[in-house]
Structure formats: structure tokens, C-alpha cells
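A.B. asks: Anchor point for the sequence shown: position 10 equals 10 in my numbering, and the numbering is continuous, going up by one each time.
The set of hints was computed from the structure by calculation and includes no laboratory data.
Here a beta-carbon is modelled for each residue, glycine too, at the ideal position from N, C-alpha and C.
There could be a bad hint or two in this list.
[To be verified] DEER-style ranges, computed between Cβ atoms:
(1) Thr69 x Leu22: 11 to 21 Å
(2) Arg85 x Glu27: 17 to 27 Å
(3) Gln87 x Asp34: 25 to 35 Å
(4) Arg85 x Ser33: 30 to 40 Å
(5) Arg85 x Asn44: 13 to 23 Å
(6) Gly13 x Leu86: 12 to 22 Å
(7) Gln87 x Glu36: 12 to 22 Å
(8) Ser14 x Leu40: 25 to 35 Å
(9) Arg58 x Gln87: 17 to 27 Å
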Amino acid sequence: MADPSFLLDGMLGSLSRWLRLLGYDAEYVRDASDREMLSLLQGNDRLLLTRDRQLAERAGDRGVLITVTDLNSQLVWLENRIGLRLQPDLRR
1 MADPSFLLDG
11 MLGSLSRWLR
21 LLGYDAEYVR
31 DASDREMLSL
41 LQGNDRLLLT
51 RDRQLAERAG
61 DRGVLITVTD
71 LNSQLVWLEN
81 RIGLRLQPDL
91 RR
């Protein structure tokens, strides 16, 4: 199974950096409306990571609501929720 790709909203800048360091395709969009974020999801297989409950709900099964606030907890939560690999792939 291929690694997931992510789209992260403006509330998750630190998480987006760490996901990229771990080798994931993570697009961070800092200043976008909910409508723009949902539009960016169209035509790709990314998961939307957000701290905005309404945006996560509007994204349906591709929206992932991040409820924890500190970076370490966010990474561990994603590891448990979607099987995120927390060790970098040094072959890339």
C-alpha cells in the first residue's frame, strides 16, 4: 500500500514540516478558505488534516480532524489513527 498524501490547513504548519521530513507528500496551505481547501482536494487522493471540525466534516471520509494541539501528540495520534510511519525512509 502506498504512503498517504496529505493536505494540511493553516493551523498545522509544524505538523506539515515533520510529515515532509518523514518522507510524506504533505502540502501546507496557509491562507485558504474552507471552500478553497475543499477545492484543492478534488482530483487527488490526499487526506485533509485540519483542526477545524466543520472543515473536516465537509471533507467527508477524506477529512481528518486533529484534536490534539502539541506536535508530538499529533504525530502519535496519526500513527495510531492511520498507521503513520514515524521513522524516516532513508532510501528516498
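A.B. asks: Against the range 25 to 35 Å, how does the distance between the Cβ atoms of glutamine 87 and aspartate 34 compare: consistent or not?
C.D. replies: 33 Å Cβ-Cβ, so the 25 to 35 Å window holds.
A.B. asks: Check the following: the C-beta atoms of arginine 58 and glutamine 87 are separated by a distance inside 17 to 27 Å.
C.D. replies: 33 Å, violated
A.B. asks: Cβ-Cβ distance between threonine 69 and leucine 22: within 11 to 21 Å?
C.D. replies: 20 Å, holds
A.B. asks: For arginine 85 and glutamate 27, compare the CB-CB distance with the range 17 to 27 Å and indicate the outcome.
C.D. replies: 19 Å, holds
A.B. asks: Indicate whether the distance between the beta carbons of arginine 85 and serine 33 respects the range 30 to 40 Å.
C.D. replies: Hint holds: Cβ distance 32 Å, inside 30 to 40 Å.
A.B. asks: For the range 25 to 35 Å, tell me whether the beta carbons of serine 14 and leucine 40 fit it or not.
C.D. replies: About 20 Å separates the Cβ atoms of serine 14 and leucine 40, which means 25 to 35 Å is violated.
A.B. asks: Honestly, do arginine 85 and asparagine 44 meet the 13 to 23 Å range at C-beta?
C.D. replies: 21 Å, holds
A.B. asks: Does the hinted range 12 to 22 Å hold for glutamine 87 and glutamate 36 at CB?
C.D. replies: Since the Cβ atoms of glutamine 87 and glutamate 36 sit about 33 Å apart, the hinted range of 12 to 22 Å is violated.
A.B. asks: Verify the CB-CB distance for glycine 13 and leucine 86 against the hinted window 12 to 22 Å.
C.D. replies: 19 Å, holds
Of the numbered hints stated above, those contradicted by the structure are hints 7, 8, 9, listed in ascending order.
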